[in-house]
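Number of protein chains: 2
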Amino acid sequence: MEFPSRLIEEAVNEVAKLPGIGKKTALRLVLHLLKRDEEQTQTLADTLVAMRTKVKYCQKCHNLSDNDLCTICANPRRDNSLICVVEDTRDVLAIENTAQYKGLYHVLGGIISPVEGVGPSDLHIESLVQRLGAVDNEQVKEIILALSPTMEGDTTAFYLQKKLRPFKLKISTIARGIPIGGDLEYADEVTLGRSILSRIAYE
Amino acid sequence: MEFPSRLIEEAVNEVAKLPGIGKKTALRLVLHLLKRDEEQTQTLADTLVAMRTKVKYCQKCHNLSDNDLCTICANPRRDNSLICVVEDTRDVLAIENTAQYKGLYHVLGGIISPVEGVGPSDLHIESLVQRLGAVDNEQVKEIILALSPTMEGDTTAFYLQKKLRPFKLKISTIARGIPIGGDLEYADEVTLGRSILSRIAYE
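Going line by line, the protein sequences match chains A and B. Here the first sequence is numbered in the UniProt record's numbering, starting from 1 and rising by one per residue. Here the second sequence is numbered in the UniProt record's numbering, starting from 1 and rising by one per residue.
Warning: the hint list may mix true and false statements.
Because identical chains cannot be distinguished in the list, a pair is counted as satisfied if it fits within a single copy or across any two copies.
[Claimed, not checked] With a Cα cut of at most 25 Å, we get these calculated BS3-like pairs of lysine-lysine: (1) K35 to K23; (2) K24 to K170; (3) K24 to K163; (4) K35 to K56; (5) K24 to K102; (6) K168 to K54; (7) K102 to K23; (8) K141 to K35; (9) K17 to K141.
In case anyone wonders, no lab produced these hints; they're calculated from the structure.
Looking at chain A on its own, in the form it has when it is part of the complex (with noise of 0.2 Å):
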């Protein structure tokens, strides 16, 4: 695509370095911004450039925070005994939507993958181990993987797992089985199989 303008040209290819943005979209976006004040433009760039410079990661469980404690590691309503391990922040955020959970988290910020390079040193597996050992942490009574039932989040888990055991604890894994409102029908195989052996009695 040859552009009318290298200003604009500039703009395009920053924008398509986000993930899942082209340089169509990235077009699009860029005269979207055009059409809009001048100021929502600065705006746009001011947040991001704050964000991305000020935003801080609580000391305790890795994730996103304003301060040195996140607003759930820092709430003393939140259950310490339970100890939730995700991935990333968008995890955090998708539980938390939930309303169903009120331990703490803990961010690992990746997950094991050899094939992108990336092993447990990479994570924040040390903290959580450093964080369970320490005194004031002695509370602290299961851990719950939550991590994507992908090979890279069974690795994960199988690896924490083996790491957690001299703290014997509780360790549980969220439940596999068929989504809610799901049609078995179009469930996979494996999905099914794994819903039918870990099937839950009723009470």
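Following the hints, put chain B in place on chain A, whose structure we already have.
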């Protein structure tokens, strides 16, 4: 969605103001920027602001430009007996990409749409009339209307035909028909019907 950080929330809200980007996608983009170097976010912000504040519109055809005249209008090798009227810069880029057109353009900056409150006076129609009336522009022989085949596009085309009639120029529109590679079976009736009415004789 409740965000763990006000900085993240503000950035997500600003990104989600862009067309076709919802909160979830905005969050994905923001988290992506967090994983990349600070420099990338800074460059993105800088190029967007530079684009928004410095880009000009061609004084002749209203296309986006770095200078007073766009590269197309300033190019002496373009055929200045042809002016192709389009809705916006994206259409110029699309037509340029075909490499089939060597004339000039006139960018209306929109399309007549009573629903969205866009009337003829909001578009660069008067400047087209002035362009055709100017002494140094007597060489224009044909106006090609390349507008979308929607109700708004047809309305705009009809208005332009009426407005340009006094100049006694050839006025044409781009061909409507079955797209190359398109299957007759899946073409809508209106397009198929029109393609029969405006059939092209083999020479």
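Check K168 against K54 for me: Cα-Cα at most 25 Å, and say if that holds within a copy, between copies, both or neither. neither (38 Å within a copy, 63 Å between copies)
When no copy is named, should K24 and K102 be tagged within, between, both, or neither for a Cα gap of at most 25 Å? Between. Shortest inter-copy distance 23 Å satisfies the 25 Å Cα cut-off; intra-copy 43 Å does not.
Go through the copies and call it for K17 and K141: within, between, both or neither, with a Cα cutoff of 25 Å. neither (43 Å within a copy, 43 Å between copies)
At most 25 Å between alpha carbons: which applies to K24 and K170, within, between, both or neither? neither (50 Å within a copy, 33 Å between copies)
Measure nothing new, just compare the shortest in-copy and cross-copy C-alpha distances for K102 and K23 to 25 Å and report within, between, both or neither. Cα proximity of K102 and K23: across copies only (24 Å, versus 42 Å in one copy).
Intra/inter-copy verdict for K24 and K163 if alpha-carbon distance must be at most 25 Å: Close neither inside one copy (46 Å) nor across copies (33 Å); limit 25 Å.
At 25 Å max between alpha carbons, let me know whether K141 reaches K35 within a copy, between copies, both or neither. neither (55 Å within a copy, 32 Å between copies)
At most 25 Å between CA atoms: does that hold for K35 and K23 within a copy, between copies, both, or neither? Both ways: K35 and K23 sit 18 Å apart in one copy and 21 Å across, limit 25 Å.
With 25 Å as the alpha-carbon cut-off, assign the pair K35 and K56 to within, between, both or neither. between (34 Å within a copy, 12 Å between copies)
Of the numbered hints stated above, those contradicted by the structure are hints 2, 3, 6, 8 and 9, listed in ascending order.
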